[in-house]
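Q: Sequence:
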Amino acid sequence: MSFSRVKPLNYSLIIFDWDGTLADSTAVIKRALQRAAEDTGYPIPTDEQASFIIGMGLKPALEHAVPTLRDEDLPKLSERFRHHFLVGEEEIVLFDGVPEMLASLKARGHWLAVATGKSRRGLDRAFDTLGLREFFVTSRCADEGFAKPHPGMLHAIYDTTGLTAKDSIMIGDTTHDLQLAENAGSASIGVTYGAHEPHLLRQHTPLTLVDSVSELATFLKANA
1 MSFSRVKPLN YSLIIFDWDG TLADSTAVIK RALQRAAEDT GYPIPTDEQA
51 SFIIGMGLKP ALEHAVPTLR DEDLPKLSER FRHHFLVGEE EIVLFDGVPE
101 MLASLKARGH WLAVATGKSR RGLDRAFDTL GLREFFVTSR CADEGFAKPH
151 PGMLHAIYDT TGLTAKDSIM IGDTTHDLQL AENAGSASIG VTYGAHEPHL
201 LRQHTPLTLV DSVSELATFL KANA
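Under the working numbering, residues 1 to 224 are what the sequence shown spells out, in order.
Any given hint might turn out to be false.
[Claimed, not checked] Below, computed lysine-lysine pairings styled on BS3-like, alpha-carbon distance capped at 27 Å:
no., residue 1, residue 2
1, K166, K221
2, K166, K106
3, K76, K59
4, K221, K59
[Stated by the list, open to error] Distance windows between CB atoms, simulated:
no., residue 1, residue 2, range
5, G185, T129, 27 to 35 Å
6, N223, E38, 23 to 31 Å
7, N223, E72, 43 to 51 Å
8, P60, Q203, 16 to 24 Å
Quick caveat, the hints were computed from the structure, so don't treat them as lab data. No residue lacks a Cβ here, since even glycine has one placed at the ideal position from N, Cα and C.
Full structure from sequences and hints, please.
A: Below you can see the structure in the form of structure tokens.
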């Protein structure tokens with residue numbers, strides 16, 4: 001793929017998390033995890049426990065949310081989680097203003113990317129269902145290498161675009177996203193309308209915290 005840019009920008013590359021940042025999917029993920037644990041006879045994670053794992057790869061997420069999980073039960077728990085997620089997937093919508101924000105950023109010359117804890121199959125399905133594929137020059141998923149917060153996900157995006165951490169900013173709703181940015185040497189923005197509480201996000205020194213997509217779009221227009 002060939003990339004070109006017309007004018008200099010503070011952050012040529014804007015990288016978005018997916019769940020809880022662009023897509024309003026937190027409730028569906030929490031419910032899927034809780035029902036999967038119930039189906040397999042494990043203690044049901046609290047809402048707080050279920051929220052914490054959003055953004056992680058599936059295996060570490062399940063192991064964290066269900067600390068007594070036996071190795072032999074991981075495939076069954078994974079299968080039940082996927083089942084319940086797919087059942088609820090039709091409920092997932094974009095946060096208000098997401099398509100307009102992405103279109104504006106792209107028109108200004110930014111390159112947009114996704115770094116997500118979803119699987120490639122899951123992200124491709126979301127792209128097709130929600131219609132955002134056209135906005136992104138590249139994307140990286142948890143099953144294509146190291147999951148968050150390992151910096152490999154962002155390094156792969158830099159390799160694809162020919163850009164570096166100093167050219168990029170990572171936007172996400174969890175500490176996993178902001179740790180990912182820290183580990184890669186990238187700036188970050190935390191969004192408070194997703195999975196993790198603001199006081200947790202602040203621990204990772206994002207440039208700012210925003211409470212809505214509208215606030216995010218305004219900040220990016222002025223600073224990116």
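Q: Among the hints numbered above, which are violated by the structure, and what are their numbers in rising order?
A: Numbers 4 and 6, in rising order.
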